Amino acid sequence: MLDWWLPENVSTYGRDIDWLFHLIYAITGVTAILVFGAMLIFLVMYRDRPGRRARYTHGNTTLEIVWTVVPALILVILTFLSVPAWSKIKMQAPPPSDFAVQVTAKQFNWQVTYAGPDGKFGTDDDKTLLDEMHVPVNKVVHVHLRSQDVIHSFFVPQFRMKQDAVPGREIVQWFEATKTGKYELPCAELCGFGHSGMRGWIYVHTPDEYAKWAAENLTAQAAGSEQKQADETKPAASAAKTGGKAKR
Amino acid sequence: MSATTATAHAHVAHEHHEQGFVRTYVFSTDHKMIARQFLFLGLLMMIVGGLLALIVRWQLAWPETPIPGMAHIFTETSPPGIIQPPQYNMAFTMHATIMIFFVIMPILAGAFGNFCIPLMIGARDMAFPFLNMLSFWVTGTAGVIMLSGFFVDGGHAAAGWTSYAPLSAVPEYTGVNWGQNIWCISLFIMGIGSMMGSINYITTIINMRAPGMRLFRMPLVVWSLFITAILLLLALPVLTSGVAMLLFDRTLGTSWFKPSGGGEPLLWQHLFWYFGHPEVYILILPAMGIASEILPVFSRKPIFGYHAMAFSMIGIAFLSWIVYGHHMFVSGMNPRLGMAFTVSTMIIAVPSAIKTFNWLGTLWGGRIQFKVPMLFALGFVSMFVIGGLSGIFMASTPVDIYIQDTYFIVAHIHYVVFGGSIFGAFAAIYFWFPKMFGRMLNPLLGHLHFWGTLIFFNWVFFPMHIIGVGGQMRRIYNPMQYEFLQHQQHWNVFMTYGALCLGAVQLLFVINFFWSLFAGRKAPMNPWNSTTLEWTAPSPPPHLNWGATVPTVYRGPYEYSDPEAAEDFLPQNQPPARVGARAH
Chain P
1 MLDWWLPENV
11 STYGRDIDWL
21 FHLIYAITGV
31 TAILVFGAML
41 IFLVMYRDRP
51 GRRARYTHGN
61 TTLEIVWTVV
71 PALILVILTF
81 LSVPAWSKIK
91 MQAPPPSDFA
101 VQVTAKQFNW
111 QVTYAGPDGK
121 FGTDDDKTLL
131 DEMHVPVNKV
141 VHVHLRSQDV
151 IHSFFVPQFR
161 MKQDAVPGRE
171 IVQWFEATKT
181 GKYELPCAEL
191 CGFGHSGMRG
201 WIYVHTPDEY
211 AKWAAENLTA
221 QAAGSEQKQA
231 DETKPAASAA
241 KTGGKAKR
Chain C
1 MSATTATAHA
11 HVAHEHHEQG
21 FVRTYVFSTD
31 HKMIARQFLF
41 LGLLMMIVGG
51 LLALIVRWQL
61 AWPETPIPGM
71 AHIFTETSPP
81 GIIQPPQYNM
91 AFTMHATIMI
101 FFVIMPILAG
111 AFGNFCIPLM
121 IGARDMAFPF
131 LNMLSFWVTG
141 TAGVIMLSGF
151 FVDGGHAAAG
161 WTSYAPLSAV
171 PEYTGVNWGQ
181 NIWCISLFIM
191 GIGSMMGSIN
201 YITTIINMRA
211 PGMRLFRMPL
221 VVWSLFITAI
231 LLLLALPVLT
241 SGVAMLLFDR
251 TLGTSWFKPS
261 GGGEPLLWQH
271 LFWYFGHPEV
281 YILILPAMGI
291 ASEILPVFSR
301 KPIFGYHAMA
311 FSMIGIAFLS
321 WIVYGHHMFV
331 SGMNPRLGMA
341 FTVSTMIIAV
351 PSAIKTFNWL
361 GTLWGGRIQF
371 KVPMLFALGF
381 VSMFVIGGLS
391 GIFMASTPVD
401 IYIQDTYFIV
411 AHIHYVVFGG
421 SIFGAFAAIY
431 FWFPKMFGRM
441 LNPLLGHLHF
451 WGTLIFFNWV
461 FFPMHIIGVG
471 GQMRRIYNPM
481 QYEFLQHQQH
491 WNVFMTYGAL
501 CLGAVQLLFV
511 INFFWSLFAG
521 RKAPMNPWNS
531 TTLEWTAPSP
541 PPHLNWGATV
551 PTVYRGPYEY
561 SDPEAAEDFL
571 PQNQPPARVG
581 ARAH
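So the sequences go chain by chain: P and C. Numbers 1 to 248, taken from the numbering used here, label the letters of the first sequence in order. Numbers 1 to 584, taken from the numbering used here, label the letters of the second sequence in order.
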């Protein structure tokens, strides 16, 4: 079964995606077995043997209608089953949350910015980390995704999450991790010679651990001491904008 | 050039013996010679594209180890012969670019479009023979320009065959300067050559059918090429304008796709995929037509559901314009639009399903002869089924979020384009080689080539589904850089062994092709007992194809095993023997 190879799912909506994946896997698997089975049977039964003459037929309208309507119905049903998950993950406004990070991709790093004590991006107390993100478990996280050069793609396999970062716009995505741990954040869109190896880490902490980490790293005292490349991270566009998704 | 009526040709017919070497073999206006030229162009480029693929596979299996034989090409590393990331990006970019634009399109649309259309509709040549010659030489020039990009400073284009802006639009982002410009220029020229060809195909099919060759008596391969030509005519100009805009962004300082100057990166994706999705059908439709042609011949049975076959191709052609957004589900395009593209994408699977079931219906009750063209046609159907079914995963937007840009996509495209188009191309070569060159290909080598290709093709490409589900991204240089991918690295090694064998098996084809070209058994006029018009001309057909008169058509193209006929096939041009003969 193909699900042996799926990485572990640790996000809320990952379950919906995996369910659909397995449903399509079952539908296509059964279809493939039926088609290849019929084909093999025909190839053996109707192989050329002396004295046989092929059946002289140009088709069958009933059959044509059946094998047009049945696949069409299955596919339409599949479309309807895909709507809720898509709507939840991408189409509706993300579930409300007071936890937001700004991720600005550049060749070949993820710059992860926390708003700092004032809760606003683009102010002096922002704190930017390179290639690492810390979030609490079971908490909706809003990711304000940008790029300052080419298109990158924010991919977290275990979250079943992927979204391109497009220069010139800010796209708001969300996830809610259900298990603590350390997860890889590769770039999934070719972004230049350093594309391979453009990778960050997402640390999912328990609330207590997260609070401890935040106190040590995101407070005013911590800011400035080991600030990494924060000056480069502010794009020209107004940085504090936290508006709707897929808007410029 | 429109004066190519039958009478005009009758005059030319007396002169054609006096044509010199250059007019016969180089600047020929004969559609059959142009078809051979396109075939050789495609096969030569296939060697280049295939070697690039093997370089990519070597690096994925044994990252950063010297590639045998490459010590003189990758000299900067120690030890020499290791491919580095910029060159790796160039290798997969050019593998796809060459295979799509200079292998599959020249072979399927160029060679078999040129060869089959006039011969199968009973025309003496194309409507515009000079334009036809120009089409080949323009395409060939584009090919030479494309190859020249390997030798410029900074290397060839390395932004993927999709060349997403702004990566492709700003030289500093890739470090590639003239390579990407050459990529744009070459595709621009290729687009012009393809337009010349498509106009010619459409005009020829509409105007130059033999007496009695009604549209619904045309062989399905002609239908498929007709529809392909219409798609080419409408889709390629979009790519042509897109690459021109990209070139202007790179060289003249415009900002179509650069946000720094007010441009929009997604505009490139919209233009590219508006061309790119019809392009997928441009690559697969001729192969569908070829399979529809070969299955009846070797099942000795009429094609099942001729009209359903023709109308499903027309349906695909219409739908292919409104599905392109499924390449952009996670691109930042409005997610509501994504929903609309899901619906159309699911629907376009229906005509493909109809075609598959009709192919099965053709086999049902037949008298199946396992000749080499038939094996490749059956291989096409099987691999296309897998490629079609894996497409359903991507059509479902939530699932696509996860598998977009993974090896699952790479597996899918190779099942459709290699398992589909290239198997179709091989089927066509084995089927029409006797007519094209007047000699038979060796069947034993053909069988070995088929089984080797089928087995190693699946060996290489099926595990790509598995590592794609495991999350391996496409276009990465070294999977071992990622902890979550390390446990499945053994698959990459496994696939590369298969790829090396798949490459080696193709040598059987090369040997067979050239040996048979000069020393193969002489082909009879109709070696497969087929009904269509090309088999009524000598092998190979002379200039202007038939003698004094073109054939007259009395029936549809697939009259096999008619119980009222003496033999098990009724050629399209055989006059009805008695009252009551079928008018179908």
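Calculated from the structure, these hints are not laboratory results. This structure is a prediction, so every number in the text was calculated from the model and none was measured. Quick reminder that beta carbons are idealized off the backbone N, C-alpha and C, glycines included. Take these hints with a grain of salt, some might be off.
Across the chosen pairs, the derived CB separations fall in these ranges [said to hold, decoys possible]:
| id | chain 1 | residue 1 | chain 2 | residue 2 | range |
| --- | --- | --- | --- | --- | --- |
| 1 | P | Leu-63 | C | Phe-370 | 23 to 29 Å |
| 2 | C | Glu-64 | P | Glu-216 | 34 to 40 Å |
| 3 | C | His-487 | P | Ile-33 | 26 to 32 Å |
| 4 | C | His-487 | P | Ala-72 | 36 to 42 Å |
To be clear about the criterion: a stretch of chain P counts as covered by chain C if any three or more of its residues have a C-beta under 8 Å from a C-beta of chain C, and this derived list gives those stretches [unchecked claim]:
| id | segment |
| --- | --- |
| 5 | 44-54 |
| 6 | 132-143 |
| 7 | 168-181 |
| 8 | 204-215 |
Given the hint of 23 to 29 Å, check if Leu-63 (chain P) and Phe-370 (chain C) actually sit that far apart at their C-beta atoms. Given about 26 Å between the Cβ atoms, the range holds.
Satisfaction of the hinted span 34 to 40 Å by the C-beta atoms belonging to Glu-64 (chain C) and Glu-216 (chain P): Taking Cβ atoms as reference, Glu-64 (chain C) and Glu-216 (chain P) lie about 38 Å apart, which means the hint holds.
Please count how many residues of the segment 204-215 of chain P have a CB within 8 Å of a CB from chain C and say whether that reaches 3. violated (count 0)
Check, residue by residue, whether the segment 44-54 of chain P contains three or more positions whose beta-carbon lies closer than 8 Å to a beta-carbon of chain C, and give the verdict. holds (count 7)
Given the hint of 36 to 42 Å, is the C-beta distance from His-487 (chain C) to Ala-72 (chain P) inside that range or not? 40 Å, holds
Is the listed coverage of the segment 132-143 of chain P by chain C valid when you require three or more residues with a beta carbon under 8 Å from a beta carbon of that chain? violated (count 0)
For the segment 168-181 of chain P, do three or more residues have a beta carbon lying closer than 8 Å to a beta carbon of chain C? Held - the segment 168-181 of chain P has 3 residues with a Cβ nearer than 8 Å to chain C, which meets the minimum of three.
Between His-487 (chain C) and Ile-33 (chain P), does the C-beta distance stay in 26 to 32 Å? 29 Å, holds
Going through the hint list in order, the structure does not satisfy hints 6, 8.
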